[in-house]
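A.B. asks: Heads up: the sequence lines are chains V and X, in that order.
Mind the numbering: the first sequence is residues 1 to 114 in our numbering, read in order.
Mind the numbering: the second sequence is residues 115 to 221 in our numbering, read in order.
Among these hints, one or two may not hold up.
Heads up, simulated DSS-like pairs for lysine-lysine below, C-alpha to C-alpha not over 27 angstroms straight-line [what the hints assert, rightly or not]:
#: 1; chain 1: X; residue 1: K220; chain 2: V; residue 2: K98
#: 2; chain 1: X; residue 1: K167; chain 2: V; residue 2: K98
#: 3; chain 1: V; residue 1: K98; chain 2: X; residue 2: K169
#: 4; chain 1: V; residue 1: K98; chain 2: X; residue 2: K182
#: 5; chain 1: X; residue 1: K169; chain 2: X; residue 2: K182
Partial chain X-side listing against chain V, Cβ under 7 angstroms, derived [said to hold, decoys possible]:
#: 6; residue: S144
#: 7; residue: I157
#: 8; residue: M209
No lab work stands behind these hints, which were simulated from the structure alone.
Beta carbons are placed, not taken as given, at the ideal position from N, Cα and C, and that holds for glycine.
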Amino acid sequence: NAGVTQTPKFQVLKTGQSMTLQCAQDMNHEYMSWYRQDPGMGLRLIHYSVGAGITDQGEVPNGYNVSRSTTEDFPLRLLSAAPSQTSVYFCASSYSAKGSGGYTFGSGTRLTVV
Amino acid sequence: KNEVEQSPQNLTAQEGEFITINCSYSVGISALHWLQQHPGGGIVSLFMLSSGKKKHGRLIATINIQEKHSSLHITASHPRDSAVYICAVGLDNDMRFGAGTRLTVKP
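Using the sequences and the hints, build the whole thing.
C.D. replies: Written out as structure tokens, the structure reads:
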């Protein structure tokens, strides 16, 4: 089925470990983005990309890196995990940054840093 | 102060009732989105609005650009409408989200 595939669904990390959250879409969307969702705070934008080779920071980028080498893939890297990065992470894509046609979200990754 | 404020935070309704969820924002926007987050956590786009009103089935979304306010209405609510409804505003390439409204519809 067409959509956004996010892996893994669950992950437990130790403080200081690094990992990559994968996000792939097969809808030829130009815009891709990563969000974190924390209780009581709503979704917050971490990084976004408006096309292959182009990335930029969102509201809460510290501690995360991204790259966009292809239209389909937009991985999120945690460089040195901290307990403050415990959260649920969502990847989303759309035809444009404005969200034309709506956003398609991945199923989320629940990350716990101990 | 959050750039996007939603009200109410929680809403309980009886099946069949008319539901209204409100969203106010304090910044200039390129578009406003309504999202639905299911109890299992999945998020679905419901509407994108730049002006006026949109309708999809029992859901109606309106926006008043001058007043910086949007409403999401659900007619003839049903238990399957129980979810968290999230308002989000587009700022060029960035997005800001409300904290969400948790709706519970009882049979």
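A.B. asks: For each hint, tell me whether it holds in the structure or not.
C.D. replies: Quick rundown of the hints versus the structure:
| no. | hint | verdict |
| --- | --- | --- |
| 1 | X/K220 <-> V/K98 | violated, 35 angstroms |
| 2 | X/K167 <-> V/K98 | holds, 18 angstroms |
| 3 | V/K98 <-> X/K169 | holds, 20 angstroms |
| 4 | V/K98 <-> X/K182 | holds, 17 angstroms |
| 5 | X/K169 <-> X/K182 | holds, 20 angstroms |
| 6 | S144 | holds, 5 angstroms |
| 7 | I157 | holds, 4 angstroms |
| 8 | M209 | holds, 5 angstroms |
Violation of the numbered hints given earlier is confined to hint 1; every other hint is satisfied by the structure.
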